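Participant: Protein sequences, first through last, are from chains B and Z.
The first sequence begins at 1 in my numbering and counts up one residue at a time.
The second sequence begins at 1 in my numbering and counts up one residue at a time.
If you're looking for bench data, these hints aren't it; they were derived computationally from the structure.
All values derive from a computational prediction rather than experimental measurement.
Mixed in with the good hints, there may be bad ones.
Pairs of lysine to any residue residues, derived as SDA-like cross-links and limited to a Cα-Cα distance of at most 20 Å, are as follows [as the list claims (entries may be wrong)]:
id : chain 1 : residue 1 : chain 2 : residue 2
1  : Z       : K267      : B       : Q118
2  : B       : K192      : Z       : K192
3  : B       : K256      : Z       : K192
4  : B       : K197      : Z       : R270
5  : Z       : K149      : Z       : A78
6  : B       : K234      : Z       : A240
7  : Z       : K226      : B       : E255
8  : B       : K197      : Z       : A78
9  : Z       : K256      : Z       : K272
10 : Z       : K32       : Z       : F123
11 : Z       : K20       : Z       : K151
12 : B       : K272      : Z       : A240
13 : B       : K171      : Z       : E195
14 : Z       : K244      : B       : K256
15 : Z       : K241      : B       : V161
16 : B       : K256      : Z       : K234
17 : B       : K197      : Z       : K264
18 : B       : K234      : Z       : K20
19 : B       : K243      : Z       : K197
20 : Z       : K149      : Z       : K197
21 : Z       : K197      : B       : S155
22 : B       : K192      : Z       : R270
23 : Z       : K171      : B       : K272
24 : Z       : K197      : B       : V161
25 : B       : K201      : Z       : Q263
26 : B       : K151      : B       : V19
27 : B       : K234      : B       : R168
28 : B       : K256      : Z       : K20
29 : Z       : K272      : B       : R168
30 : Z       : K201      : B       : V19
31 : Z       : K226      : Z       : N215
If you anchor each label on the Cβ, the simulated ranges turn out as follows [what the hints assert, rightly or not]:
id : chain 1 : residue 1 : chain 2 : residue 2 : range
32 : Z       : R119      : B       : K99       : 34 to 42 Å
33 : B       : E67       : Z       : N229      : 39 to 47 Å
34 : Z       : G18       : B       : K250      : 42 to 50 Å
35 : B       : R27       : Z       : A240      : 50 to 58 Å
36 : B       : R251      : Z       : A98       : 33 to 41 Å
37 : Z       : A144      : B       : E122      : 46 to 54 Å
Listed next, the stretches of chain Z that the computed footprint assigns to chain B, with coverage defined by at least 3 CB atoms under 8 Å from CB atoms of chain B [as the list claims (entries may be wrong)]:
id : stretch
38 : 24-33
39 : 68-78
40 : 99-106
Glycine is no exception: its CB is placed at the ideal position from the N, C-alpha and C atoms.
Take a look at the letters that make up each chain.
There are 2 protein chains.
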Amino acid sequence: MGLLGGSVTLAILRSLSGVKTIGYSHRPSTRKKARLLAVAHEIASDLYQSVKGSDLVILATPIYTFEKTFGEIADSLANGAIVTDVGSTKVLPHRWAAKHLPKGTHYVGSHPIAGSEQRGVEFARDDLFEGADCILTKTPNTNASALAKLKKFWSALGCSVKVMTPGRHDKIFANVSHIPHVTAAALVNATKSDELKFAGKGFIDTSRVASGPANIWADIILANAKNLNAGIDKITNELAKLKKAVNTGKRNHLEKLLNSARQKRTKMIRYKINKKEVIP
Amino acid sequence: MGLLGGSVTLAILRSLSGVKTIGYSHRPSTRKKARLLAVAHEIASDLYQSVKGSDLVILATPIYTFEKTFGEIADSLANGAIVTDVGSTKVLPHRWAAKHLPKGTHYVGSHPIAGSEQRGVEFARDDLFEGADCILTKTPNTNASALAKLKKFWSALGCSVKVMTPGRHDKIFANVSHIPHVTAAALVNATKSDELKFAGKGFIDTSRVASGPANIWADIILANAKNLNAGIDKITNELAKLKKAVNTGKRNHLEKLLNSARQKRTKMIRYKINKKEVIP
Numbered sequence: 001m002g003l004l005g006g007s008v009t010l011a012i013l014r015s016l017s018g019v020k021t022i023g024y025s026h027r028p029s030t031r032k033k034a035r036l037l038a039v040a041h042e043i044a045s046d047l048y049q050s051v052k053g054s055d056l057v058i059l060a061t062p063i064y065t066f067e068k069t070f071g072e073i074a075d076s077l078a079n080g081a082i083v084t085d086v087g088s089t090k091v092l093p094h095r096w097a098a099k100h101l102p103k104g105t106h107y108v109g110s111h112p113i114a115g116s117e118q119r120g121v122e123f124a125r126d127d128l129f130e131g132a133d134c135i136l137t138k139t140p141n142t143n144a145s146a147l148a149k150l151k152k153f154w155s156a157l158g159c160s161v162k163v164m165t166p167g168r169h170d171k172i173f174a175n176v177s178h179i180p181h182v183t184a185a186a187l188v189n190a191t192k193s194d195e196l197k198f199a200g201k202g203f204i205d206t207s208r209v210a211s212g213p214a215n216i217w218a219d220i221i222l223a224n225a226k227n228l229n230a231g232i233d234k235i236t237n238e239l240a241k242l243k244k245a246v247n248t249g250k251r252n253h254l255e256k257l258l259n260s261a262r263q264k265r266t267k268m269i270r271y272k273i274n275k276k277e278v279i280p
Numbered sequence: 001m002g003l004l005g006g007s008v009t010l011a012i013l014r015s016l017s018g019v020k021t022i023g024y025s026h027r028p029s030t031r032k033k034a035r036l037l038a039v040a041h042e043i044a045s046d047l048y049q050s051v052k053g054s055d056l057v058i059l060a061t062p063i064y065t066f067e068k069t070f071g072e073i074a075d076s077l078a079n080g081a082i083v084t085d086v087g088s089t090k091v092l093p094h095r096w097a098a099k100h101l102p103k104g105t106h107y108v109g110s111h112p113i114a115g116s117e118q119r120g121v122e123f124a125r126d127d128l129f130e131g132a133d134c135i136l137t138k139t140p141n142t143n144a145s146a147l148a149k150l151k152k153f154w155s156a157l158g159c160s161v162k163v164m165t166p167g168r169h170d171k172i173f174a175n176v177s178h179i180p181h182v183t184a185a186a187l188v189n190a191t192k193s194d195e196l197k198f199a200g201k202g203f204i205d206t207s208r209v210a211s212g213p214a215n216i217w218a219d220i221i222l223a224n225a226k227n228l229n230a231g232i233d234k235i236t237n238e239l240a241k242l243k244k245a246v247n248t249g250k251r252n253h254l255e256k257l258l259n260s261a262r263q264k265r266t267k268m269i270r271y272k273i274n275k276k277e278v279i280p
């Protein structure tokens, strides 16, 4: 029951009126906040009770907590239960689910591309998934009916659903999400605090994601280490190209590199506008 | 008469009602747009006529055009005229002004920390400078009365004015503005177009400045080459630290690096909120 977990139940309350929601947190303070904000029909203080008899169980913790949780809930899951998560990497969750979840239950990975640099159930919103992409991940062992149900579920919450393998997912999101995060952190760390007083809107936007919770992002980054490694090399290489153009004073070359970024980004924004994704 | 030039005259029209404004552009199409949008009292098609008799002349072109323009307007400037600019680097403009502007005229550098990734007079806004910082740059040769007048001018347009040397300015803004630009460009260039379709709000924000006009940014970056060089090294070094933490799987170290960025950015945002700068 954090920003994402709370937003899922709030979105269900808004869009799927017949569905009963149960939220769980191991923290009493979070459960108290979740009850005050009424983010779910019921806020359970017992993990096993919270998943018992549920048709759909959604993990919304830091990624490296999934393995333990899969093991803990295994015995309480109903036959036919669908288990998913909202984690930002998918290879490891699939591996852990295959290892710990019992036969007769069905794991499918979910990654709704929504959230913010905020954390905590007090930032949960019932419209967080409206217009967002949601990637579902499947392997050759994924149950087709469970996948179809989960597609309907996220679509009902306002998502545009895409399906891919966990491997492809992790590669793409290393590049469009985890590397930008690492880069934003590097940018802030490279800048002195007394210089940051002069930062304008450009720096504020460029660095926004670096305000995301460090424990959750450490999990994401380590769970996608191989792709992160390659991605950091790529961006370092692009920086080296720009540095070379600066140091040799090759204006044409520098302008070409900047223009290439500009045009590529414009193409991306156009694609998003055509898809009617909200543009900030 | 682009985004910045047009915004200066619009802001004058709003806040300094007794002042007559003359805009100039060498492009007939820009002059036509500027006239249609009525961004200044008069839109001149002759550079010399546009500065003749003016108390204050403000250059708002790409930086490397300043030197030529200083030379071109030198003979038309009134005695006592103040010349400034809105360029993002200040060392070179001071050098060129000292070389080309006649005695009896006074150059002071201005850098209003405002703008956007858009370009063109059609994006000019009369409130662009409201609540923005404006850095004025001075050397031991700067005329104190001209500096005082310019302080009053930018304050009247809504800016919070700070004064520093051109050298300090260029170092600070390499780190808080030019390096973020270069990093955003590297980020986009390092990512494939078909992957960018999956970009979320994080990538869109992190890369926004990369949509800025390439010619203007090539000028800024080349005019601040030495600081850019050092800045690219610093961010590359921070990326290498993060990569090492990822590859050695040192979770504590990775989380420490991410947390340091998070805390530093929070401190920056708190400073801006206390200063009542607008936060996006």
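Participant: For each hint, tell me whether it holds in the structure or not.
Facilitator: For each hint, the structure was consulted:
1. K267/Z / Q118/B: holds, 15 Å
2. K192/B / K192/Z: violated, 32 Å
3. K256/B / K192/Z: holds, 17 Å
4. K197/B / R270/Z: holds, 10 Å
5. K149/Z / A78/Z: holds, 16 Å
6. K234/B / A240/Z: Holds, because 12 Å separates the two Cα atoms, which is no more than 20 Å.
7. K226/Z / E255/B: The hint holds at about 18 Å.
8. K197/B / A78/Z: Not satisfied, since the Cα-Cα distance of roughly 37 Å exceeds 20 Å.
9. K256/Z / K272/Z: Violated, at roughly 24 Å.
10. K32/Z / F123/Z: Holds - the C-alpha atoms of F123/Z and K32/Z are around 15 Å apart, at most 20 Å.
11. K20/Z / K151/Z: It holds: about 19 Å lies between the C-alpha atoms, which stays within 20 Å.
12. K272/B / A240/Z: violated, 32 Å
13. K171/B / E195/Z: Given pair K171/B, E195/Z holds - Cα atoms ~9 Å apart, limit 20 Å.
14. K244/Z / K256/B: violated, 31 Å
15. K241/Z / V161/B: Answer violated: K241/Z to V161/B is near 36 Å, above 20 Å.
16. K256/B / K234/Z: Violated. K256/B to K234/Z sits at ~24 Å, over the 20 Å cutoff.
17. K197/B / K264/Z: holds, 11 Å
18. K234/B / K20/Z: violated, 52 Å
19. K243/B / K197/Z: Given pair K243/B, K197/Z is violated - Cα atoms ~28 Å apart, limit 20 Å.
20. K149/Z / K197/Z: Roughly 50 Å separates the two Cα atoms, so the pair is violated.
21. K197/Z / S155/B: Distance ~19 Å between K197/Z and S155/B Cα, so the pair holds.
22. K192/B / R270/Z: holds, 16 Å
23. K171/Z / K272/B: Given pair K171/Z, K272/B is violated - Cα atoms ~36 Å apart, limit 20 Å.
24. K197/Z / V161/B: The hint holds at about 13 Å.
25. K201/B / Q263/Z: The given pair, whose Cα atoms are some 18 Å apart, holds under the 20 Å limit.
26. K151/B / V19/B: holds, 16 Å
27. K234/B / R168/B: Between K234/B and R168/B the Cα gap is close to 18 Å, so the pair holds against 20 Å.
28. K256/B / K20/Z: Roughly 40 Å between the alpha carbons, so the hint for K256/B and K20/Z is violated.
29. K272/Z / R168/B: Violated, at roughly 40 Å.
30. K201/Z / V19/B: violated, 29 Å
31. K226/Z / N215/Z: Within the cut-off at roughly 19 Å; holds.
32. R119/Z / K99/B: 34 to 42 Å: With a Cβ separation near 54 Å, R119/Z and K99/B fall outside 34 to 42 Å, so the hint is violated.
33. E67/B / N229/Z: 39 to 47 Å: holds, 45 Å
34. G18/Z / K250/B: 42 to 50 Å: holds, 48 Å
35. R27/B / A240/Z: 50 to 58 Å: About 36 Å separates the Cβ atoms of R27/B and A240/Z, which means 50 to 58 Å is violated.
36. R251/B / A98/Z: 33 to 41 Å: Taking Cβ atoms as reference, R251/B and A98/Z lie about 24 Å apart, which means the hint is violated.
37. A144/Z / E122/B: 46 to 54 Å: holds, 52 Å
38. 24-33: Three-residue rule not met by the stretch 24-33 of chain Z, so violated; n is 0.
39. 68-78: violated (count 0)
40. 99-106: Since three or more residues must qualify, the claim that chain B covers the stretch 99-106 of chain Z is violated, with 0 doing so at under 8 Å.
Hints 2, 8, 9, 12, 14, 15, 16, 18, 19, 20, 23, 28, 29, 30, 32, 35, 36, 38, 39, 40, counting from the list given before, are not met by this structure.
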